[in-house]
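Protein chains in written order, with the numbering used here: chain A, 1 to 128; chain H, 1001 to 1205.
A portion of the hints provided could be inaccurate.
To be verified - DMTMM-like, lysine to aspartate or glutamate: derived pairs with alpha carbons at most 20 Å apart:
| # | chain 1 | residue 1 | chain 2 | residue 2 |
| --- | --- | --- | --- | --- |
| 1 | H | Lys1159 | H | Asp1003 |
| 2 | H | Lys1159 | H | Glu1135 |
| 3 | A | Lys4 | H | Glu1069 |
| 4 | H | Lys1150 | H | Glu1020 |
| 5 | A | Lys4 | A | Asp86 |
| 6 | A | Lys4 | H | Glu1020 |
These are calculated hints, taken from the structure and not from any lab test. In this text the structure is predicted, and so the values were computed from the model without any measurement.
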Amino acid sequence: MAEKLIRAAEAAFTWRTVDADLEILSLETGLVMSDTAQVRGAEQGSPRRYAFHGERLSVEIEIDEDGIVGQLTPPGPARVTLVTPDGPQAAADADEVGCFTLPAPRPGPMRLDCQRDRDRFLTEWTST
Amino acid sequence: MVDTPEVGRLVRASADGDQEAWNELVRRFGHLVMAVIRSYRLPPADAEDVYQTVWLKLVEHLDSLRDPEALPGWLRSTAMHECMRQMQRRRRTVPVDPQSDAAVNRPGAENIEAAAMRAELRLALRDGLAELTEEDQALLRLYALAEPYKNVSELLQMKTGSIGPTIGRSLARLRQTHALRRYLGTRPAAENQKGGDRLELAPLD
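Please construct the entire structure, taking both the sequences and the accompanying hints into account.
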């Protein structure tokens, strides 16, 4: 097997966190597709939608080549950071209705790290 | 078969923050994760993303995975789910069109009709597989790859001797799926007869 893949798998361990107050938000099973995608079939450039849920926070995002547009539920300010296996890529402040925008992630695994007051939430890793 | 006590020790040590133990888990189970991913025949970049995602997810599941016997099954099913997600994504950006599908219109391929029939069988097999349990799917995908029984045994936690008969039963269930029955029902009787023996999954790519 390619050495590169082994290194990447070994490096995954650096993401181990022992923060007991952390909540992991799970990706909703089955991709949420945009209406246009359902009607017109697969189409380059139509946004991809993902929803992550936890007990105290949910995040819905749409990703296209222009970037990520997202919203937190319950609404309210939070610091949202786009993270890839290489580390944090960009951060944005969600506004009072919980909306935020971030640049488009590179292909490959990504997650969002949401900090609201003292609470921290991480979405599951997912490839986009 | 997996050395369960040793794997248990590695999982517990990893959960306690031991990078060396983690590396050993990667070394032991990496090829098995890759075997599952290979069976989906994703583009290489997608396969690499899935591979990395599986390990990133395992990092977070170490605490809930203290039963070491659950590890191979967890890796297998996580890899399968991630491959399915990746395929869904692909399907949205790469429409499958028999008129332009490279797999159908490969230069030098047999005539159009034969190519269309192969494409039809491929779709029937894919839909048929989706009707089966995760265990049947995993086994048949590995079988289609001609994965050595030793690997199949380790990955699916099956005794080597029971793999052959189980494959036979899984293939029988595949033939009984709606998708395969529909496919076989539309073939002429003579073809149908032969078809039963030819369901070797080879056109799954």
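Each hint tested on the structure:
The suggested pairing of Lys1159 (chain H) with Asp1003 (chain H) holds, with an alpha-carbon distance near 14 Å, which does not exceed 20 Å. The hinted pair formed by Lys1159 (chain H) and Glu1135 (chain H) meets the criterion: a straight-line CA distance of about 14 Å does not exceed 20 Å. Between Lys4 (chain A) and Glu1069 (chain H) the CA atoms are separated by roughly 28 Å; this puts the pair beyond 20 Å, and the hint is violated. For a cut-off of 20 Å, the pair hint linking Lys1150 (chain H) to Glu1020 (chain H) is broken: about 26 Å separates their Cα positions.
A distance of roughly 14 Å separates the Cα atoms of Lys4 (chain A) and Asp86 (chain A); the hinted pair therefore holds under the 20 Å criterion. At most 20 Å may separate the alpha-carbon atoms for a hinted pair to count; Lys4 (chain A) and Glu1020 (chain H) meet this at roughly 17 Å.
In terms of the numbered hints stated before, the structure departs from hints 3 and 4, listed from lowest to highest.
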